[in-house]
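Student: With the hints as constraints, model all of the structure from the sequences given.
The chain contents come next:
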Amino acid sequence: MAENPQKPARPRPLSPFITIYRWPVTMATSITHRVTGVGLAIGSAVLAWWLVAIASGPEAYANFNMIAASWIGQIALFGFAWSLAYHLLNGIRHLAWDTGYGFNVKTADATGWFVIILSVLLAIGVFAYVYLGHGGAGV
Amino acid sequence: MTMETPLHRVEGLGPAHSGVKHFWRQRMTAAAMVPLAIWFAWSVVLLAGASEVQVLTYLTRAAFGLPLNAILMGAFIVIALYHMVLGLQVVIDDYVHHSGGKIFLMLVMRAFALAVAAVSLFALFRIAGPV
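As they're listed, the protein sequences go chains H and S. What the first sequence shows, in the numbering used here, is residues 1 to 139, in sequence order. What the second sequence shows, in the numbering used here, is residues 1 to 131, in sequence order.
Incorrect hints may have been included.
Which chain S residues stay away from chain H? Per the calculated CB distances, all over 10 angstroms, these [what the hints assert, rightly or not]:
hint	residue
1	8
2	113
3	120
Restraint-style ranges between C-beta atoms, simulated for each label pair [to be verified]:
hint	chain 1	residue 1	chain 2	residue 2	range
4	S	61	H	42	28 to 38 angstroms
5	S	4	H	114	43 to 53 angstroms
6	H	42	S	22	21 to 31 angstroms
7	S	28	H	129	44 to 54 angstroms
8	H	58	S	111	26 to 36 angstroms
9	H	100	S	61	38 to 48 angstroms
Keep in mind the hints are simulated off the structure, nothing from the lab. Backbone N, C-alpha and C define an ideal beta-carbon position, used for all residues, glycine too.
Tutor: Quick look at the structure:
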């Protein structure tokens, strides 16, 4: 009986599988754009709730502020703040692509990292600004 | 010779039964959201930790005889929700393959957008509308 002609002499590499596939930054920014978009959809309901609380009077507004100031509320608000910053910055990146700019691989990688880093800095910056007592200062 | 009917050709739509309307509206609402989102983020920073009176003052403050901030808030909400409907439509299209479930989710998603818009605009009208 001859050797199975289909059996390779050594194991051949399989096609790239998800566990060994390197994530390019452009892929990460793309899926993050979608995830932050879905997150902001949930945030729209919180915005409606905030407006209703203001329209309903001092007790409703105090109630909203109490929940927003709790640790779980602060985590959610930080998530919305970062999502808005990210979706806005990466959305501008998408609009640039739509007009034909920034498609060069090196440029797309660089703008991807720029968007990730700047969105995190903006979210932390906004929270630092408010926590340092500057929130409500401009009203 | 073409197999297309004249009507189909003049519609210019092809087998997807829709043209660039969705793509174009997604981009136009995105472009409108850039200045509105910057205004919104700045407003939230100004109002974080503010008293109810301060928030009411901000939203009803008159500029050119109009409650400009309340109007911008209304524009932000309506355009953001339209942008959201277009975006979530693509997400549902991509991940839900059962057509019954897809139609159901599309309806729920649109109902959510309409509910958030209606509630928000009603609240805004109570805050800054004519008394």
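Student: Where does the structure disagree with the numbered hints, that is, which hint numbers, in rising order?
Tutor: 2, 3 and 7
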